[in-house]
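If you want the building blocks of each chain, they are given just below.
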Amino acid sequence: QQQVKQSPQSLIVQKGGIPIINCAYENTAFDYFPWYQQFPGKGPALLIAIRPDVSEKKEGRFTISFNKSAKQFSLHIMDSQPGDSATYFCAASPPVGTSGSRLTFGEGTQLTVNP
Amino acid sequence: SQTIHQWPATLVQPVGSPLSLECTVEGTSNPNLYWYRQAAGRGLQLLFYSVGIGQISSEVPQNLSASRPQDRQFILSSKKLLLSDSGFYLCAWRGPGVPGELFFGEGSRLTVL
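Note that the protein sequences, when read in sequence, are chains A and B.
Mapped onto our numbering, the consecutive letters of the first sequence carry residue numbers -5 to 109.
Mapped onto our numbering, the consecutive letters of the second sequence carry residue numbers 30 to 142.
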């Protein structure tokens, strides 16, 4: 019930390509869906987040698409650059005040963007 | 602005030795605090979280313990380290009443030999 399943585990694209990372969840009580970016040896940093009342959110080259009925959401990176090479985690959170409001993370996707 | 500090950044310890990792948050009050562990090439495993001083919730039974002696201080400890305790430990905080948005520290890499 608390799982967030993320795919693929790893992804290699050429510069300028559009990598897509997918996540699926089961708990319909989740109401906040962030994506984190992690560079080697660093802590994850919030990249972009979405709530289930919208189907898409864009911030710069990063877009989240959200499908509430399918319980799925995805991250698209437009015009990917070698500097985007990192590990990406999707996550989901229940409402504030529920079970410490702790995030459930996906297993992560290691993205490599070749020059 | 809020900042989170975590230390030490790197630690090499023998099996059976004690451990203390410390995390402090500045610029906020009454944060929710979290300890995560990340094995090499793997995801983030929540170990402990705290919603207030002295309040600790454990997610995974293990060789570790956590304490929160002050509002913005979170400590991860072990009395006797195991080889399996090796990993990248991350402290994180979230503002009270703010959903989902975690802010992570830089991490502490622990190698148990």
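Read the hints as simulated data drawn from the structure, not as lab findings.
Since we're looking at a predicted model, the values are computed, not measured.
Wrong hints could be hidden among the right ones.
[Stated by the list, open to error] The calculated DMTMM-like cross-link candidates involving lysine to aspartate or glutamate, where the alpha carbons are at most 20 Å apart (straight line), are: (1) Lys36(A) x Glu51(B); (2) Lys52(A) x Glu130(B); (3) Lys36(A) x Glu135(B).
Consistency of the hints with the structure:
no., hint, verdict
1, Lys36(A) x Glu51(B), "17 Å, holds"
2, Lys52(A) x Glu130(B), "17 Å, holds"
3, Lys36(A) x Glu135(B), "5 Å, holds"
The structure is consistent with each of the numbered hints, conforming to all of them.
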